Amino acid sequence: MLGLTKKDFTMFIVVIVMVALAPFLLNPFPQGSSLAQMFNAGYPDLMQRFVIFGILVIGFNILFGLTGYLSFGHAAFLGVGSYSAVWMFKLLGMNVIPGILLSMVVAGIFALAIGYVSLRRSGIYFSILTLAFAQMSYNLAYSVLGNPASNFNLTNGETGLQLLLTDPRILGQSTTPDGSLPVTNFFGIAMRDSYDLRMGDWLFTFNAGYYLCGVIMLISFYISIRIFRSPFGMMLRAVKSNQQRMNYTGLNTKPYTLAAFVISGIYAGLAGGLLSSMDPLAGAERMHWTASGEIVIMAILGGVGTLIGPILGAGFNEYFKNILSKINDSVLHQWLGFLPDGIEDFLVTIIHPFVGKGWHLTLGLLFMIVIIFLPGGLVQGGQKLGRKISGRSRRDAAKAAEQSKSAAE
Amino acid sequence: MGILEVKNVNKRFGGLQALGDVNLSIAEHSVHAIIGPNGAGKSTLLNCLVGKLMPDTGSVLFDGQSVLGRKPYQINQMGISRVFQTPEIFGDLSVLENMMIPCFAKRDGSFGLNAMTNMLDDREIVERAEHMLEEMNMADKRHMHSASLSRGDKRRLEIGMCLSQEPRLLLLDEPTAGMARADTNNTIDLLKQIKDKRDITIVIIEHDMHVVFSLAERITVLAQGTALVEDTPDKIKGHPKVREAYLGETQAA
Amino acid sequence: MSNSNFTRRGVLKTGTIAGAGLALPTYLSAAAHEGFTNAPTGDTVTLGFNVPQSGPYADEGMDELRAFELAVEHLNGQGDGGMLSTFSSKVLDGTGIMGKKVGFVSGDTQTKSDAARASAKSMIEKDGAIMISGGSSSGVAVAVQGLCQEAGVIFMAGLTHSNDTTGKDKKANGFRHFFNAYMSAAALAPVLEQLYGKDRRAYHLTADYTWGWTQEESIAAATEALGWETVEKVRTPLASTDFSSYIAPVLNSGADVLVLNHYGGNMVNSLTNAVQFGLREKQANGKNFEIVVPLYSELMAKGAGRNIAGIVGSQNWDWKLENEKGDRYAGTNAFVQSFGEKYGFPPSQAAQTCYAQTLLYADAVTRAGSFNPCAVVEALEDFEFDGLGNGPTLYRGGDHQCFKDVIVVRGKENPENEFDLVEIVEVTPTDQVTYPVDHPMFSGGALGSCNPGA
Amino acid sequence: MDQIILQFLNGLDKGSAYALIALGLTLIFGTLGVVNFAHGALFMIGAFCAVTVQRILTLSTVVEDPTKTDFLGNPSKISTPYVESWFGPETGAALIDWSVPLAIVFAIPIMVVLGFIMERGLIKHFYKRPHADQILVTFGLAIVLQEVIKAFYGANPIPTGAPEVFRGSFDFGVLIGFDPNAIIYPYWRMVYFAFAAVIIGAVFAFLQFTTFGMVVRAGMADRETVGLLGINIDRRFTIMFGIAAAVAGLAGVMYAPINSPNYHMGMDFLVLSFVVVVVGGMGSLPGAVLAGFLLGILEAFASMNEVKAIFPGIDQIIIYVVAIIIILIRPRGLMGRKGVMEE
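Residue numbers (this note's numbering), protein chains in the order written: chain W, 1 to 409; chain B, 1 to 253; chain F, 1 to 454; chain Z, 1 to 343.
There could be a bad hint or two in this list.
[As the list claims (entries may be wrong)] What the simulated footprint calls covered on chain Z by chain F, stretch by stretch (three residues with Cβ under 8 Å from a Cβ of chain F suffice, anywhere in the stretch; the number is not a length): (1) 47-53; (2) 130-137; (3) 161-172; (4) 264-271.
[As the list claims (entries may be wrong)] Partial pick of chain B residues on the chain W-facing surface, computed with a CB cut under 8 Å: (5) F13; (6) Y73; (7) Q77; (8) Q85; (9) L96; (10) F104; (11) G112; (12) A115; (13) M119; (14) R142; (15) H143; (16) H145; (17) S148; (18) L149; (19) D153; (20) M161.
[As the list claims (entries may be wrong)] Capping the alpha-carbon separation at 27 Å, the derived lysine-lysine pairs in DSSO-like fashion look like this: (21) K240(W) x K254(W); (22) K7(W) x K141(B); (23) K240(W) x K308(Z); (24) K254(W) x K197(B); (25) K168(F) x K100(F); (26) K77(Z) x K325(F); (27) K342(F) x K338(Z); (28) K195(B) x K254(W); (29) K7(W) x K240(W); (30) K71(B) x K141(B); (31) K240(W) x K197(B); (32) K308(Z) x K384(W); (33) K240(W) x K237(B); (34) K338(Z) x K254(W); (35) K141(B) x K106(B); (36) K254(W) x K52(B); (37) K241(B) x K197(B); (38) K308(Z) x K124(Z); (39) K106(B) x K240(W); (40) K412(F) x K68(Z).
By construction, these hints were calculated from the structure, which means they are not laboratory data.
It should be emphasised that the depicted structure is a prediction, and the values quoted were computed from it without experimental measurement.
From the three backbone atoms N, C-alpha and C, an ideal C-beta is built for every residue, glycine too.
The task is simple: from the sequences and hints, build the whole structure.
Written as structure tokens, this is what we have:
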């Protein structure tokens with residue numbers, strides 16, 4: 001169906017259902033409980049991030065997972081896309097579609113230029129070339145291209161490019177009647193509009209922006225499945241497998257890798273455009289090398305070269321990043337309040353270094369654990385788990401059959 | 001006028017004259033072997049033919065057109081396929097996929113952005129690939145991971161991949177190197193079959209005299225970067241120069 | 001779109017059905033009643049403290065967080081009450097804010113605009129925070145202030161020194177207690193004149209980002225007004241760690257004063273490098289070569305170690321203020337006492353500003369009798385107060401900037417202990433650092449109107 | 001002219017830090033084939049060895065002094081370092097003053113042991129894994145190491161001064177006929193340059209003239225063959241990891257007085273040192289050293305006002321521009337070997 005094999009189609013349907021029901025799935029704890037305060041992730045900003053970073057890593061996976069070219073500068077395209085979209089909101093109007101389209105176009109052009117040069121080399125030399133281009137973009141965006149005092153203020157430097165009441169917005173309004181900034185919208189539906197659903201103690205939020213991002217993520221995911229299963233995708237895997245044989249089979253590897261690079265650059269630009277559409281401020285930090293590194297981490301965490309891996313990796317990373325950094329001692333005390341005082345204090349002391357200001361430490365340890373024990377990422381972990389469960393149930397079934405047999409005798 | 005004409009080709013690496021004024025003419029539909037002791041320049045010559053190296057001077061004409069200055073993939077598209085000493089296949093891909101790639105290259109050229117169709121829906125390509133697998137007696141292995149094939153199967157697969165492009169000239173670089181006797185004989189049989197069934201020219205670089213004399217119609221002997229003699233196998237066997245340059249060395253070794 | 005209540009097991013918790021319109025999602029559905037974002041419903045009110053917990057300013061952020069925790073304790077009537085007893089407004093009585101117990105959530109800005117906004121968003125969307133405070137850099141302050149304006153909550157800025165925060169990027173929902181680059185320059189100028197004379201040639205090294213630029217502009221303008229000449233303004237990359245190649249040419253440039261418009265790790269490194277190059281022992285143009293660091297903090301002084309000795313700069317507040325300059329700065333000792341008792345060391349200026357901001361917010365809500373941001377804005381605008389450690393202070397309505405005395409400090413030559421790193425040289429009175437709302441360095445933006453959100 | 005000489009000196013100094021870090025990185029890469037993103041963290045830990053030695057030497061006895069009060073009004077505490085009470089005030093003060101050079105002695109065993117633990121405990125399991133996995137696991141390790149340091153020492157830089165005799169700067173200009181103050185250079189930076197030269201020389205001599213070094217070099221060229229000779233190359237490689245860690249650590253110890261150590265200084269150097277290694281050519285030790293000095297010098301020149309006037313912002317990007325140009329002109333960096341890390 002939809003040109004997918006049965007297995008792929010099933011997976012696609014599962015992802016659709018997960019995206020559609022995310023507001024339920026991510027808010028398992030009743031509103032106001034102390035577990036909800038920490039573990040519920042069903043609020044618009046984080047849900048948007050899940051799907052937007054999902055798009056980013058899906059795109060990165062088309063390059064890295066298929067061709068094996070490790071780009072260490074992918075955040076540059078995210079940043080360029082973000083800036084383009086914000087400029088569109090400043091100049092044209094607050095509808096997100098032109099912004100998103102421009103962000104894809106500009107990121108694509110950027111990727112074409114950087115890819116054309118960087119793909120002249122392979123291996124770590126390619127990685128360093130992409131890293132160098134991205135760091136150049138970051139440094140320039142942070143300083144020279146972002147000086148408010150100059151006439152050429154493309155990025156607004158450290159603060160980040162933001163909307164102003166004085167922006168022209170030729171197709172919209174510069175300022176709303178009550179004197180505030182207009183909000184980003186999709187043909188009139190504001191991205192921050194939400195619909196709250198209350199079920200007993202539970203509260204679920206359905207956010208317009210999230211569903212727009214979700215739909216775009218599903219389209220991106222669908223396209224990525226098609227690419228993986230297409231002759232083009234096979235050629236990309238062939239590039240990763242044996243470039244020499246490619247060349248001696250009459251195939252020019254350069255346009256293949258360049259096309260993959262540009263496609264993944266466009267995905268990154270799209271993600272950047274969506275980030276800006278959800279929150280119209282674009283900061284230069286998005287282009288920093290650590291941001292590029294985070295993309296690589298998400299891809300490997302999820303499982304390189306797998307279809308579903310990027311989504312899992314992005315979700316894992318964003319979830320822990322957001323949740324861990326918000327836990328502080330008073331939250332810990334609240335959680336562990338049911339324990340006797342001595343034990344409570346002891347546990348708080350133990351956990352303290354790993355949460356709040358220590359969230360980097362925990363995340364670093366989690367990365368190491370996943371990478372050491374699950375070389376294939378979370379997808380492999382899931383498969384192992386699945387096999388264990390199905391293995392056990394098969395064993396159980398066999399045992400049950402045996403028992404019934406002996407009972408019959 | 002042969003299908004491949006090599007004229008006065010010279011190649012130097014620093015102070016070393018790897019090829020000195022090599023001349024070679026390969027007749028269409030023939031099986032032509034190039035032999036010579038280690039360091040005679042066989043690999044260098046082969047690399048000059050497929051675009052991996054650029055000769056310093058001289059010309060290489062394939063079917064009247066110069067191949068010099070073209071990239072390996074362009075030369076392949078002209079109709080020259082190369083089989084490597086150690087089988088070069090796509091180890092991460094399945095056997096069928098390995099076979100499909102040259103079929104795409106034959107039909108769609110050096111680049112095709114065919115990203116939205118499912119490759120298994122392309123019946124024409126799949127059938128062609130499966131047909132070639134049957135011809136190579138590998139149909140039952142088509143869903144195997146190609147890296148897990150035996151060395152002999154890898155060689156068959158590679159040759160099959162080259163043939164599925166329907167090349168006019170097939171270059172084989174020591175195709176039986178490192179093979180057991182049985183595999184070697186299988187390969188010889190396979191190449192004989194190919195020669196009989198297909199409208200193809202074969203150039204084979206080989207160490208193993210058994211292979212050379214069972215296949216070749218003409219033989220060129222290369223020594224110290226120059227073509228010593230070119231003749232039929234029978235004549236070559238008794239040629240004094242060859243004995244001196246080639247067999248003399250093998251005796252010493 | 002509308003909020004709806006959907007009862008499955010027949011349990012109806014709240015009975016509100018109201019239009020949310022163009023609103024951020026509201027977790028507490030009673031918000032729609034009140035007509036503003038995150039209106040507190042139960043017996044608690046949640047404040048969001050968004051401070052850098054990772055990255056180079058993490059220690060400063062932790063100090064801010066300590067001050068916030070202390071402020072929350074005092075508001076809830078725990079501890080010794082701190083500055084509640086000295087604060088000129090007496091409406092806070094230790095029963096929380098308007099009878100609601102104060103709770104808080106904390107997050108990590110990472111000193112990145114993006115991350116800070118994400119963190120603030122999660123506080124607003126998920127935790128129902130009604131006020132966001134904290135931060136240790138101007139880029140973050142401006143970004144989060146913009147977010148709070150759009151979301152309809154109050155932003156009480158932490159440490160942010162750029163003119164832009166209450167200049168071209170000012171917002172109706174945002175308030176700054178901390179001083180700014182212009183005020184630093186205005187406060188420093190007379191002291192610099194007195195210490196180093198009118199005939200000086202200054203060489204600026206400036207961190208290449210927004211804050212650096214506004215400070216460079218302010219200091220250059222103020223010193224040029226004294227008659228100083230600006231020899232060169234050199235921008236240094238933010239990511240620099242070794243400033244030797246920028247410091248080396250200074251001595252030979254004809255300058256006799258080096259102004260370091262750097263903050264945090266940049267400042268520690270550039271100052272250390274400058275001292276290594278022996279600039280402080282050199283003579284230029286027949287005068288002693290001098291180094292000025294316009295914005296100073298205790299943590300920077302600590303990081304620079306003895307290199308800071310004799311270096312002049314400005315501060316928003318210092319813990320020795322009341323002891324040395326009298327009870328005009330009442331509140332200082334009360335705060336230092338309760339902070340020191342709890343944590344074992346004196347508070348930094350960042351801590352003081354965050355503590356004061358929390359109290360000011362609580363006080364404004366109480367005086368206004370409402371958590372509605374627009375009511376709070378009204379209560380804070382042109383509010384005059386005293387007893388929070390800075391002497392008589394005005395929260396100016398025109399740009400939401402506090403005006404108060406600015407302290408000029410100098411690194412101590414022989415510190416007696418690890419907390420005693422700077423000495424107060426001078427306190428520049430408020431009227432010398434005050435500027436009109438439409439001063440050119442602050443022009444280009446507008447407050448807009450207050451946004452209550454929902 | 002004087003400016004050019006001055007920036008050249010600066011470049012040598014920056015370059016010696018880059019070269020030292022890149023040297024260790026290349027040693028690990030060349031011998032073990034592992035891309036070690038935790039190398040910057042080793043540099044940082046080296047600097048914190050200096051901090052720790054300073055802390056240990058200033059461990060103090062604390063007595064209350066009733067005549068003075070602290071900020072809370074309690075009697076203030078007077079602390080006297082143990083070393084001063086043990087060895088007398090003068091010797092004690094001198095010991096504290098010399099804590100950075102003393103830290104070298106302390107850092108070598110610590111770094112070597114740390115290197116062993118890292119290699120045996122973690123890295124050796126990653127020899128056969130893809131480079132991307134190696135990068136990720138060592139990157140994770142780098143984060144963990146720096147966060148542990150942050151938990152113990154805080155995020156603020158910690159001043160760690162050079163001995164008194166090396167403070168201040170030397171006037172080179174006068175020696176070669178310039179005006180006074182035209183070319184001044186800090187003593188400690190000269191010490192750092194000399195130190196770097198000695199370490200680099202020692203590593204090369206070690207590899208060139210000892211049998212151990214010869215085996216390692218052979219192993220770098222062709223690991224399998226050396227393994228076939230029955231030589232236990234793995235143990236030697238473990239030792240090389242220890243040595244590389246020690247080189248990074250020593251670079252960090254001596255760097256402490258130049259910039260006050262902080263927990264993220266390793267990350268600040270990491271990207272730069274990778275660029276240096278790649279520009280030098282993966283796996284080439286002389287290449288790493290050469291590229292370190294080249295990039296250091298170019299960076300120094302790019303920060304000159306005259307250059308910035310022509311190319312605004314060039315000092316922000318010079319390293320990357322140079323890296324791109326060199327990699328495009330020379331496919332394997334300055335002195336890289338073919339086929340290394342090109343897949």
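*Ascending list of hint numbers which this structure does not respect*: 1, 2, 5, 8, 9, 14, 15, 16, 17, 18, 19, 23, 24, 25, 27, 28, 30, 31, 32, 33, 37, 38
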